[in-house]
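From just these sequences and the hints, can you work out the full model?
Chains as they are written, first to last, in the working numbering: chain S, 1 to 271; chain B, 1001 to 1356; chain A, 2001 to 2533.
No lab work stands behind these hints, which were simulated from the structure alone. Hints are supplied without guarantee of correctness; some may be wrong.
[What the hints assert, rightly or not] When the alpha-carbon atoms are kept at most 30 Å apart in a straight line, the in silico DSSO-like pairs for lysine-lysine are as follows:
(1) S:LYS36 to B:LYS1227
(2) A:LYS2331 to B:LYS1049
(3) S:LYS158 to S:LYS205
(4) S:LYS113 to B:LYS1049
Treat the numbers as computed from the prediction; the structure is a model and nothing was measured.
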Amino acid sequence: MEPSAPLAIRVPAPRDVGATSTIIEIEDFNFSYGAKQALFDVNLKLDARRVTAFIGPSGCGKTTLLRCLNRMNDLIDGTVINGGRIRIHGVDINGPEVDAIELRKRVGMVFQKSNPFPKSIYENVIYGLRIQGVGSKSRLDEIVEKSLRGAALWDEVKDRLHESGVGLSGGQQQRLCIARAIAVQPEVILMDEPCSALDPIATAKVEELIHDLKKDYTIIIVTHSMQQAARVSDKTAFFYLGRLVEYDDTQTIFMNPANPQTEAYVSGRFG
Amino acid sequence: MPAPVPNHPFVTRSSRGRLIEGAVFWLMRLATYFVLVCGLCVLGDIFLKGGRTVFQAEFPYVNVPFLTQAPETLYVFEHEGQKMQLGDRDFRAFREAATAKAKAAGQPAPQFRTESYVYSAGGIWPCIVGTVLLVVGSMSIALILGVASAIYLNEYAKDTPGVRAIRLAILNLAGVPSIVFGLFGFGLFVIFLDWNVSLLAGWFTLAFMVLPVVITASEEALKAVPKGFREGSLALGATKWQTIRKNVLPYALPGILTSSILGIARVAGETAPIMFTAAYVVRDKLPWEVEKVSDFFFQGVMALPYHIYVVSSKIPQNEYTARVQYGTAFVFLFIVAVIALSSILLRNHLRRRYQW
Amino acid sequence: MSVPPPAKAPAFAIHRRRTRILGLSLDQCIQAFFGGHALTAVIVLTLITVFLFKEGIDFFGQNRENLRIYRQSGMEYVDVLRELERDHTSLTRYLYDIRLRALQHLTGPGGRSLPEANAALADLDALVERFGDAVVPIRGFVSDYGEVAVGIKTRFIENQDFAEAKRQYLAAGMVAEAEAITVAPIDFKAEVAAITGAFPEFEAGGRDLAREVASTVQQLPALPTPELQHRLERFQQLAREYAASIDGRLEQMRTWQWDRPVPATQAFTAFIFGRQWLTASFWQDWYGIVPLFVGSLMVSAIALSLAVPLGIGAAIYVNQFASRREQQLIKPTIEFISAIPSVVLGFFGIAVLGQALRALSQAEWLAWVPGFPFAERLNALTAGCLLALIAVPTIFTLAEDALNNVPRAFREASYALGASRLQTILRIIVPASLSGIISAVLLGLGRVIGETMVVLLCAGNRIAIPDFTQGLTAFVQPVHTMTGIIAQEMGEVVRGSIHYRALFVVGIVLFFVALLINFLAQKIVRRHRISIG
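Right under this line is the structure:
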């Protein structure tokens, strides 16, 4: 894959995606950090049990939108939603009766920099359950195994569940964070550049994992790497300067984009 | 035969620059060790001379009366050709016994020409007790207020100008002289709130003195916990408080503890703030030997640092008084050293437990 | 790979009503709890300032009153005479000093016996006697009329006490008792007239004194050495100046008015620029901060002049030269020194260092040091040395931090250009960390100037501005400091009295000095951060 060659990205053939249903609807969404507006009139419908990739140059608002989906932006001072709404399963997540904490239990998140807690691997995985008050040892054991298997980490760590999660390699740490996220059984998993700090082999493992996870979860991934978007996602949304430029099947975005800006970006001419 | 001088561009040349560098190096080394020697001189002097008061050659090797008795006046006198040194109570008993003996023998009562030195006999138990009470009380107040404030400032407060002003104020107050805190405590607690010179006034004065230190250090410790821990926890559906309690505080604890123990050392070591808020020169009863419970709080206590001040400034320096002067300084220094040392050990221990 | 299926919730249940207390969710309650604590902390810290000012600010009103009564009772008037007498006394002392030196010369190098020497100085003795006698009438005036003035002031203060008692009786509803107290108002004009009325006497006395002094020094006796002769001539000159000044002083008395108002600013300037801190005196109390401020500054200057080279030298050594093992030895030891409580250091000063320094000062090979030998065991030098030991750890730790923060790349770039170690340190590392080092020194100064126990125990506690005319000798004189005066006198003053409030004002000054130092240190450090980038 020579970076200089335009359209060097090999996009897999269209997959058998089966019937789709919309889970997240974003309507005319506007968002600001204080006086600086970060998102302008974003309209987007995301499919359930698919992988959707957000791509675009730095500062284009893709991470901001991602963090809006589980209201992590609430924690930043001075953020304002100035127009539009986000619905998940038809429920406005910024509605007055919605509890951000309950929302985050259903919409999990994996961060750019893997952030395992300085606890044992076991404790890391069950952290979310502990918080919800699950105390049954057998149930916790079961979930730990399931989640670690789900995150393709079980075989590597099953003998050292009670060692510190910080001692794992970078790729393992990130998969531990994914295991931690799926342990609370969310419906949606948001991934904020999950592989940006990983080496190619670890990246491949995580990507493989994403592919497996989409059987059961809706996955939204922000990535800087167009190859990655092409490899893992079913649909891709391209953002530029806070606006959604183009949203379509991944193959279309990469092979036959409608917008010249998209074409310029995916062919590596800027960004 | 002289060694052949190598002839290449990288040959080492002895030059004036090299000489100066060596001189500067030794000068700085000298300065460093001079400071160490000075500090060790002070410590050595007090530990050596104080050790003679506190330790003894025979069992139990520690001078128990010195540590467990109240201060008394020392009487020095000559009796039947012998030089005697007795504490107040012993001296009375001795005089009565001698008088009775003389009476029985039909002689006139003996006259004692005594020299007396206040506080130079007996021990320093009430001072130790008072210091411990002051430290425990004030640190409890300072820790509760300080850690809670730090949690608020670091975890909850938004970065508004008001909060920034508060931070600046706290930072600046850390440099305010302790005597000024003493004045403040005197003005507010002793006079305005009419608590008089009391344990309670001392607690609050000392607590407020270390409050800026505790807040600043606790905030530093909280800041050192990576942001990812908080985000990761919140993204899993934890509430803010759950996040702080389970995923922030445990990791900030070593830092908070270390700083607070250093705070304890400072509280225990300060004299100026308690001089007119909490310290009595002498108090016959122990703090808990009171009629009403409230008297426990509203009476002053004796304290080691103040006692050192009293015995070093109000009584002369001589062979009779040196015992108690050095002994008190030794015990005090020992306590402060143990506190300081334990903070360092605790820090190392907890560092090993929590690593990220 | 089997993946756990997500929860099959019938609906997307993200609604939840959380338990609420007073309309706040649990999390908000916890936030309010912490916020409350932070608020308490802030309130307390505000209270410090408030209470310092609350107790201190009345000082200026009281001091103005103090100065007013000083004038109205005629004390100020009598003080002109008193000063006349005092200046005369200091001239007499100068003369005695000359006589003593002459006697020492005659009995020492001159090789004469004591009676012979005394006989040789008969001329000088006659001069001393005549000069001393000249002031006797004035001394009488001062004593007589001083008593009158003190009497007026005493009655004024008694009246104030009576009025206060009356007010309290009335407030308590005890009218009969209140009636029983009669406050006779003081007619200051008439009372003071009793003093000022004697002006013709003062004038005559003053003129006589001027004449007598002038004629006394007209003829000078011969002294054995030119140096002494020179001193005597200097005396002659001073005496003539003194005689010439008398007219001006008499003029000052003539134009003096008992009812000239005391401006409000004078209460302030008398404090800030007052060169006397004199309390509980029979005559007039003065609250001038200058001697205390100078004392604090002197002690700090001694401490810093020792601590800055030692602290920074040690910091550079440890940071740049020392091996790892040495670092591990030095750093904790210096940290440990900083943990020594100041009262213990003060005790060490009294018990050991004072003696040791005095003994050292009397060593012959150190006689060239200005001020050596000295007799006072406790003086600015003793306190300064101990304070240096307090300041060194502060300066060392902060300066070492600053040196540590210099990016490694700076050093490597310098070495790569062929600079030697010393050149790298002097030209790269120290300049890059200079602001950090300066702020370390400032914070060390803050520690030293705020330190109480060491100066209270070891500075000698003499309230006087040291005599700087003798050069560095001033640094071995006993001084008193701002912190020391508060610690020493606070326990003994009457609450609410002017003296009490004056001590609070000293506290306010200390507070602001500390704030200023802290502020400067922070400002310097902040600028430094930007410069490093």
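Hints and how they fare:
no.	hint	result
1	S:LYS36 to B:LYS1227	holds, 23 Å
2	A:LYS2331 to B:LYS1049	holds, 26 Å
3	S:LYS158 to S:LYS205	holds, 18 Å
4	S:LYS113 to B:LYS1049	violated, 59 Å
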